[in-house]
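*Asks:* Going down the list, the protein sequences come from chains A and B. Mind the numbering: the first sequence is residues 1 to 342 in UniProt numbering, read in order. Mind the numbering: the second sequence is residues 1 to 380 in UniProt numbering, read in order.
Careful, some of the hints might be misleading.
[Unchecked claim] To give an idea of the interface, some chain A residues facing chain B are shown, with a C-beta separation under 7 angstroms as derived from the structure:
| id | residue |
| --- | --- |
| 1 | F259 |
| 2 | A334 |
| 3 | I340 |
Hints were generated in silico from the structure; no laboratory data involved. Where a beta carbon is used, it is the ideal one built from N, C-alpha and C, also for glycine.
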Amino acid sequence: MEAALSEDQFLIVETAARVAEQLACPAPTELPTTDDDLVGWEMLTEIGFASMHVDGTHGGGDAHSTDVALVTEQLAATLSCVPYLGQGVLGPELAWRLGAPSSVLAGIVDGTRRVTIALDPSLRSIARVGHRGMAWDARGATHALALDATRCLCLVEIAPQVERSADITRVLRAVDAGAAFEVVSEPADADAVTRFEAFALAMLAADLVGVMQSAVDAAVGYVKSREQFGVAVGTFQAVQHLAADAKVLLEGARSSMWFASWASDELDPDAALLAARQAKAYCSRVALEVVELQVQLFGGIAITWEERAHVRVRRVLLDALTLGDVAFHEDAIAATRLRIGD
Amino acid sequence: MDYRDTTDEAAFRGRLRAWIAEHAPGHLPRDPDARVDVLNQWHRAMYQAGWVGLTFPVEYGGHGMSPVYEAILNDELGAAGAPPPPAIGHITNAIRLFGSDEHKRAHLPGLLSSTVRWCQGFSEPNAGSDLAGLRTRAVRIEATDGSPAVYRIDGQKIWTSEAVWSQWCLLLARTEADQPAHRALSMLLVPLSTPGLDCREIITAYGTREFAEVFFDGAEVPVENVLGRPGDGWTIAMQLLGYERGPADVGWVARLTRMLTVLEDDVRLGRVPAGPTERRAIAHAWTELRALQLHVQRTLSSRLDGSTPGPEGSIDKLLVTRAEQLLNHVNLAVRGAAAILADGDEIEAYFWSRAQSIFGGTQQIQRNIVAQRVLGLPRR
Numbered sequence: 001m002e003a004a005l006s007e008d009q010f011l012i013v014e015t016a017a018r019v020a021e022q023l024a025c026p027a028p029t030e031l032p033t034t035d036d037d038l039v040g041w042e043m044l045t046e047i048g049f050a051s052m053h054v055d056g057t058h059g060g061g062d063a064h065s066t067d068v069a070l071v072t073e074q075l076a077a078t079l080s081c082v083p084y085l086g087q088g089v090l091g092p093e094l095a096w097r098l099g100a101p102s103s104v105l106a107g108i109v110d111g112t113r114r115v116t117i118a119l120d121p122s123l124r125s126i127a128r129v130g131h132r133g134m135a136w137d138a139r140g141a142t143h144a145l146a147l148d149a150t151r152c153l154c155l156v157e158i159a160p161q162v163e164r165s166a167d168i169t170r171v172l173r174a175v176d177a178g179a180a181f182e183v184v185s186e187p188a189d190a191d192a193v194t195r196f197e198a199f200a201l202a203m204l205a206a207d208l209v210g211v212m213q214s215a216v217d218a219a220v221g222y223v224k225s226r227e228q229f230g231v232a233v234g235t236f237q238a239v240q241h242l243a244a245d246a247k248v249l250l251e252g253a254r255s256s257m258w259f260a261s262w263a264s265d266e267l268d269p270d271a272a273l274l275a276a277r278q279a280k281a282y283c284s285r286v287a288l289e290v291v292e293l294q295v296q297l298f299g300g301i302a303i304t305w306e307e308r309a310h311v312r313v314r315r316v317l318l319d320a321l322t323l324g325d326v327a328f329h330e331d332a333i334a335a336t337r338l339r340i341g342d
Numbered sequence: 001m002d003y004r005d006t007t008d009e010a011a012f013r014g015r016l017r018a019w020i021a022e023h024a025p026g027h028l029p030r031d032p033d034a035r036v037d038v039l040n041q042w043h044r045a046m047y048q049a050g051w052v053g054l055t056f057p058v059e060y061g062g063h064g065m066s067p068v069y070e071a072i073l074n075d076e077l078g079a080a081g082a083p084p085p086p087a088i089g090h091i092t093n094a095i096r097l098f099g100s101d102e103h104k105r106a107h108l109p110g111l112l113s114s115t116v117r118w119c120q121g122f123s124e125p126n127a128g129s130d131l132a133g134l135r136t137r138a139v140r141i142e143a144t145d146g147s148p149a150v151y152r153i154d155g156q157k158i159w160t161s162e163a164v165w166s167q168w169c170l171l172l173a174r175t176e177a178d179q180p181a182h183r184a185l186s187m188l189l190v191p192l193s194t195p196g197l198d199c200r201e202i203i204t205a206y207g208t209r210e211f212a213e214v215f216f217d218g219a220e221v222p223v224e225n226v227l228g229r230p231g232d233g234w235t236i237a238m239q240l241l242g243y244e245r246g247p248a249d250v251g252w253v254a255r256l257t258r259m260l261t262v263l264e265d266d267v268r269l270g271r272v273p274a275g276p277t278e279r280r281a282i283a284h285a286w287t288e289l290r291a292l293q294l295h296v297q298r299t300l301s302s303r304l305d306g307s308t309p310g311p312e313g314s315i316d317k318l319l320v321t322r323a324e325q326l327l328n329h330v331n332l333a334v335r336g337a338a339a340i341l342a343d344g345d346e347i348e349a350y351f352w353s354r355a356q357s358i359f360g361g362t363q364q365i366q367r368n369i370v371a372q373r374v375l376g377l378p379r380r
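Pulled out of the complex, with its shape left as it was, chain B reads as follows:
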């Protein structure tokens, strides 16, 4: 046990901090298209400078470093108020672990360099928490004219983050009609430019446009675009979720730390008046956030032996939810009328905090996982 940086970690942190100070964009534009342009530039610059794919194996274009470097990266980005790194951990690991050599060659460079954007097509209007009940079908069609076989896709996805700005979709669809639920799904790599595919933006409760619905109406992809084997989709999806809740959590932690730091600065400099009750509430928020930071560090340390994320990741997700929702209540309470009348970043962050207990597996699904797979309580 040693919470200090090693010499190498300290050197990395120093180089990173200097680079961020020089390159980080300022406040992100509110206009969604302008925001995406800024983020794309930022992620490509991060890649050029060697800050992307830190833990990803060297043979696939990453840096092969230990998981604690992801924690340092997110610490420093958060402390500087810089935008988070590209959220590609789950898709890159899916392709690395389950893809063919051709998939890896074709897709990993674009993913890591942020020159090709991907989205994840899992949820459907009638398959949210009950993901295995999804209905989008991909039917294998053998051509009669000698051209290669294809999967023909029909159905609808929803909550597909960043679909509007992406070029590819990692799609979970039902391919094996005769198999039980968890062996009936396959993971497909689908270009969003495929004919028969249509993306429609969803405007969120806080006025942003990061989600979309994706409609499939006879869209066809070659059978080679199956990741792993047909029927592996559920297994792959479950392993991805571990990565989504793993080091990515630190990205969330960095964002929350930034939010609290700004509030503390505003109070310290007298820009936001705060009496004893408000000051105590801010300390409470810090106390919760600090517990989360320390817990995520512990999770990353437990992965130093290269083990893949397990069901304990749900504990991290539930701690993020608790800290984020408390912090946003405190932020709104302390800022008072100013936040309500501005209807700006504070309100957006608040709504986002309510989404935290819904997306990526709801709070209730995470509790099921902790109860059944961590504590060993029986399933019905």
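For reference, chain A alone in the conformation it holds in the complex:
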């Protein structure tokens, strides 16, 4: 048993951190208002971060799920607006897991075809074609992936206009009930869907951990320099204890996320899904606590548009709901663990 990063994984973290720095969210007053993000997307494709989990025979990077989580975390830690999680991770994963043919998969994996996932309006599960849905993290995307009633994968057109959403780092765009779609796979088996869910939840947990890390770093830096009563406010115990609580929750979240991301590739689908639900539920719950602690540590400045604190809160609010909120996963955990006959 070794619950620690390997040397290779440390290298991935370092590389991803450097890239993430270049793709960091600009000041909130300069956030991109258009769909245009070509530079960032091309960088992620060239460096091999996009589709890195997809099997090598399909042109993917053959990376371990934990490695993808580490990259996701680093990009989230700079609140990057590049649609990595939607189009570089979850879109390719769903297409690959559910057996999209190479004619469809090749363009997605090499980054020329911009495809993300479509969620139902509750944001809880993959959308059904023929119903209204929401293309998630859709900046620059042309299509989204949804399922039909027999669990066949469908490629659906995305509506052009950007929808309102609390998270200003991700673009959501509608998938209309009457949107044109193309069925691109045979009915998927349940295990393939479970595998996708487990992976996706672990990656969302990684995104949340990244945002939490960013919140702790920024808030700790701030209270070290902000002076009141002639001293840095970070010298006050009441302030220190808020920062300590945030750090403790961040590390509990990271430990959960590491295991879920490892389990995604290593354990059977049901065990991987249980691990992923735990990580998603825990990270969603504590991420909200951490970004709220961050707001308190920043004080009044956190309530301004120009300070990034609200960007973190916004990203947590959307991530926490995406593919099921805390209550949804805890109900599912209860259904699994309290099942009669176990």
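Following the hints, put chain B in place on chain A, whose structure we already have.
*Replies:* This is chain B only, laid out in the frame that chain A set:
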């Protein structure tokens, strides 16, 4: 990164699981003396079978194994609902790291085999969180008749766990009157049978008797009984606390896992009715407990290179506190009137969960450590 057991770890786990199934005592008696007898037998049996001192060096009677074996031991004990292993990690490591050859020879075998019980005399009525302010004095007395020099001890300790059943005490006392606070203390090895020493039980809020007050009124020990050098006491104490919060945490995790497992069984088998709200609350408790388990595994893995526990141990302690207090709220809420009317194990566990944020460094002290020594926030 690999959360699976290696071949060796799996073999160890298999042997251990079979041994526990055969040897673990059932429900512990509520009578404290009877409980101690059962625990003593259990710990001695564990030692005989080779399950004690797993990570302790072979040259001092341990097994020299990697820290993950402590995690496996505690996993398996917890899963089987067996009592925890003897909590001797901090004292054995103190003697190993700071004791003379004579101290090691005299004390380590008895500690490891649980034939000699030790307690830790640190806290005082006026020195809890402010441990360095403790007042118990040990004054060096040079004999005039040619007999060896001694330390004469006067003062009072409190919250001394298991003092009533112990034979020795690891005592932190003020020996260097002229030194600043953190260099004024020494660690002394004191037999509890020493004349002038008196133990009085404290009855806890939940009716048990694991704590005591220890009074020193001119109790004398030879000067050779100083661990390390005079004035090293604070340094030794701080290093011990790392061990107390380290693998020992896994022991706590095992106890909490056992508690949740019992609750889940009761609900699954219909012995305790639970609607959707209660079921969700149980899943919440599991989610928190699982985060704690995974975090402690990570802490143990970070120590595979032999590094000693650092201030990050306070993160583990704060996570234990959060999980334990939540689990006990859920346990009481789900069990409802049955737990209140029984005034039994559930109430004891609940009070214990409130103590979790007080003993071994309060929640507030742990937060100070995380803020100042992990996050680098300035001290006033």
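*Asks:* Please go over all the hints and tell whether each is borne out by the structure.
*Replies:* Okay, the hints, checked on the actual structure:
no.: 1; hint: F259; verdict: holds (5 angstroms)
no.: 2; hint: A334; verdict: holds (4 angstroms)
no.: 3; hint: I340; verdict: holds (6 angstroms)
Hint check: no violations occur; every hint is consistent with the structure.
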